[in-house]
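Student: Below are the chains, spelled out letter by letter.
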Amino acid sequence: MAIETLVLGAGQEVGKSCVVVTINGKRIMFDCGMHMGYCDNRRYPDFTLISPNNDFNAALSCVIITHFHLDHVGALAYFTEVCGYNGPVYMTYPTKALAPLMLEDYRKVMVDRREEEELFSSDQIAECMKKVIAVNLRQTVQVDEDLQIRAYYAGHVIGAAMFYAKVGDAEMVYTGDYNMTPDRHLGAAQIDRLRLDLVITESTYATTIRDSRYAREREFLKAVHKCVSCGGKVLIPTFALGRAQELCILLEDYWERMNLKVPIYFSAGLTIQANAYYKMLISWTSQKIKDTYSKHNAFDFKHVQKFERSMIDAPGPCVLFATPGMISGGFSLEVFKHWAVSENNLVTLPGYCLAGTIGRKLMADKRDKVDLDPDTKINVRCQVHQLAFSPHTDSKGIMDLVKFLSPKHVILVHGEKHKMVSLKEKIHSELGIQCYDPANNETICIPSTHFINAESSDAFIRSCLNPNFKFQKCSSVDISNSTTIHRNLMPELQVEDERVEEGVLVVEKGKNARIVHQDELLLRMGENKHDT
Amino acid sequence: MCTCLNKGGGFHFPPCHMLNFCGIRILLDCPLDLSSLIVFSPVPTSDWLPFEESSNTEANGFLDSRVGSGKRHKIEKLLDAKSLLFAEPWYKTVNNLHLWNSSFIDVVLISSPMGILGLPFLTRMKGFSAKIYITEASARLGQLMMEDLVSMHVEFRQFYGPEESNFPAWLKQEELEILPSELREIILGKDGVDLGGWMPLYSAADVKDCMLKIHTINYAEEACYNGTLVIKAFSSGIEIGSCNWILNCPKGDIAYLSGSNFISAHAMPFDFHNLQGTCALIYSDFLSFSDTQDGEDGDSNSVPTADKLLPAGSQDLAGFNYNFDENSEEKKKLVFICSCAVDCINEGGSVLIPIDRLGTVLLLLEEMATSLEASDMKVPIYIISSLAEELLALLNIIPEWLCKQRQEKLFSGEPLFAYVKHLKERQIHVVPAIHSHELLINWQEPCIVFCPHWSLRMGPVVHLLRRWCGDPKSLLILEGVLNLELALLPFNPVAMKVCQCLFPSGIGLQKVKPLLEILQPKTVLCPEELKPQMNFSSEKSFSVLYYTEAETLKVSYRKGSLELKIATDLASQFYWKRFKKEEVELTKLKGELLMENGKHHLVLDSDSKNSLSNRSLIHGGLPDLEKLMAALSKMGISGVIENDTSDDAKSQTLCIIHIQDPYKASIEIGATSTNITTADETEVSFIYKIVDDILDGV
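Protein sequences, first through last, are from chains E and F.
Residues 59 to 590 in this note's numbering are what the first sequence spells out, letter by letter.
Residues 894 to 1591 in this note's numbering are what the second sequence spells out, letter by letter.
To be clear, the hints were calculated from the coordinates, so they are not data collected in a lab.
From a predicted model like this one, the values you see are computed outputs, not experimental measurements.
Warning: the hint list may mix true and false statements.
What the hints assert, rightly or not - Simulated crosslink set (DSS-like; lysine-lysine; CA at most 27 angstroms straight-line):
1. K1106/F with K346/E
2. K1019/F with K346/E
3. K337/E with K1302/F
4. K1297/F with K188/E
5. K1317/F with K348/E
6. K1492/F with K461/E
7. K1314/F with K466/E
8. K1302/F with K348/E
9. K466/E with K1492/F
10. K337/E with K1317/F
11. K1314/F with K353/E
12. K1302/F with K166/E
13. K1019/F with K1101/F
14. K435/E with K461/E
15. K1314/F with K1225/F
16. K1297/F with K189/E
17. K1314/F with K337/E
Chain E with its partners taken away, still in its complex shape (with noise of 0.2 angstroms):
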């Protein structure tokens, strides 16, 4: 028995995860996301590898999403309506909610402002998601007779969850991306103690241990309130779902204290429209938030208001929220281009940046001439700061899951490589658990639990829930004999509590195994018990 995993995505980097595990002839793909720093065909996993000849709904049992982010999902689409995968994909609610809006959203910019060719319609989107079974957390689902999965909370995004799953006695958990300690407005991932052959699990920060967030907190709120007092702007670049949450809750509970009237905008479209969707599955975030539900529901932010394009060159100061995060393009290059040549503006940017986005070249050379394109130059006058939060668990983190979790094997995914490599070799040196970081398109294939059955009889495990105390006393002549020190840590008097030692497994020809206790053993043989 054996646990076979194909790296499809995420080996090795970030991005496009996807792994697909067959456990006991079941087949089930973990996420299906797309790489955003390719165009070409590697933007998506090779599903060949699956199946040579594309017969996808016979070699996939079921996909699994962990979360919305597009390197987990954005292949979903082009998956199920272009390749033709027609089983289950289970996702949790907040998920199955939310991708949608994360697809729609990147087949916008795909062919609307890169004018490329679009991999897949609207249509066929809404058509992806008929298929997705949505699942709550903890709920055990039993996808067939024999494969059962289950979801828990992991922090991340809302609605992101780890799955683990089941088939025969062979158990396995992919945490997806997760966080192990609660922000703002989620909670840190939770999970049963389980008896695992296997763990897939994320390493972004393979290497990376954080200190505590007040302290980065307090430092971009000082930063904000520091820029919108002098009358400057505050321009928060930003993914739509989850940080800009994240933020606005930050700064609205802030803004109460400070009793700060500068008004907070959004921009229009998807991030006014998240928020509506966070309302209502406010019972996904953290204790806190989930609180608020009945007098002031958290997401229905009283200082946020909607920005139109008419406002950028207003007087006075804001703070604008606006996608997307990167500054790679959209609202946020239009309203960067006409902010940043002011001192008195803030522009914030995202803990990473992709290399070849605006913001990665903020990163690089702080207050200087950024090329928009070939043509454009800009004075980049205004004020930078990066926020150093991120919803990934640190090195830490993964530490403490794997101890926790003590499964027989660890397969780490999306993580840089060399970072993976030193992880890798902590959880072995200093857990004693085999671990693995295979590359794209890679198999690992691992041992399995395997659970012999056998039938019990009643009197076996009645005599093993009644206590069975044996009292041995140890001779004095072996207590003589032993030294000094073996005498102390012998007592004279032992006690043993051996119940199971009374059961004997029987395998008669044609029939199934069966224990029974020693006793019934002799009454089926007709023999009478015979000391020694």
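Keeping the supplied structure of chain E fixed, place chain F upon it in accordance with the hints.
Tutor: This is chain F only, laid out in the frame that chain E set:
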């Protein structure tokens, strides 16, 4: 073993059972019979005070009116507003539950928000330590309902003042005897034994304490009690968060089927697929019975001929769950009620709707708002309830327990219920109490009011009913009140129009049989009421047992023998012995027995201090003397057999082998034991090995 403690009564009073499963005592639901509140009078108002005198004369007044009449048969006539009990109400719990020592209950399963209402009585008892499982949605709704009950009850406490004694006057035998028979029957039950079930209401602190003791679970989450019992909840459809249960233990599984709806306009519908193929099924849906009793259900006549509906069972399983919108019957009723309400408002009257089932209220609320919009009327809708604000907010954040159509709204980003929009547009006003400042400044008539409580004995509904009961233009919309006359008694004479609407709920008698045929349990436990209505005699796939209240049924749930799983690493270490002639292989077990998720596991012992040599072997039968002698001589040991010749019958010894060479030893063979005696230990183990070989020890 299953004991039905109470069959309950309708939607608000679900049945209650006690189960003994795998040695674990399980209580299914702990409801409260709120319909019994009807025997009490609502809080009297100044112009409604029945007695201005002191409480002493009050009792006399009772006596006078009753004793004067004398004969029994006249009592019926005397049932008027004054015969209701003027006292702080007590609440009727499940009487039979008090027969059990609460500290012996291991597990409590709550199937619906209604099933939790009596729980604080239990949790506050000394020694109560059971683990309580309830779905998260039920827990939240249940908590709101209990808090609302406590807050509504405050009005009584303020009026009557603190209780003087633990034993109110109306509970006294002589007081009960002079009550009208209708009231007496409600208080004492049909058999006259229910008196012990009456309790004064729990406090807000009791509710809080109770909520701290519960353990909430999600839909289809596997909860494991003690490693032995695996509990899973699947939606039943009668209310948000309400569920049926699957219980699993190593010896078998049980399905508990509580009141269930195939279709629901708000809650996630009845999930029966997951209840298939259990050893036993407890059928406990009593909702269908009460419907037919009401005579509301026109189909009641066709029930005995359920046989002709048999083909329904062979239909596709999905045939059960059809869309709510297609269910025009219900929609028609709804539209009719709303048109009545609109007519009434057009005439200048107001509409009063006591909050009954949540599902109905939500339907009415949505339909009412749309029909007002359609007829372009600017009439305010008020919801007056301490729990309303939180309840309406709550309903919008638990999409996981809503029906499919509502879930679709989540996925398309719309609010789950239309009232969110109406609240924003201030078409619907939500206020906590009738004296709220917000209500007083906004109040305008005619209007539509939703408020608790459906018993018409407490809450804002009492005051509004008094205000409007004399107005023939106004309308009261009730849902399935059993005894309308008694319910309206304190408000007589009632001039306002009364409209009763009953939406069917429950599985429905026609569907019971096809459903059971799909579920395929080995044994079905049915309430005896089902016996005359259902013909199971032709049923071969499952056996049927009938239960009645306060009677224990024993069901064998054996599904063959117990299963035990042995880890491979352990199994590879087994030392097998083969018995050729019987083609049997034996091995002595070792390791550690674990109980996990209702399954036995045998795994490798973590501390392997017990080496094999240490372990005592077990032998069967007698050593073959000839073989033994041969084996001994083969090893170079010679001895003489001395048969036991003594006539002593008590002697267990059969024979003794005396060994002289190479050392002195004796082997004493008895009927059940063999003793080896030598001077040296190594010699003993040497001979022991030979004997062991002959005996085929395990």
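Student: Hint numbers the structure violates, sorted upward?
Tutor: 2, 7, 14
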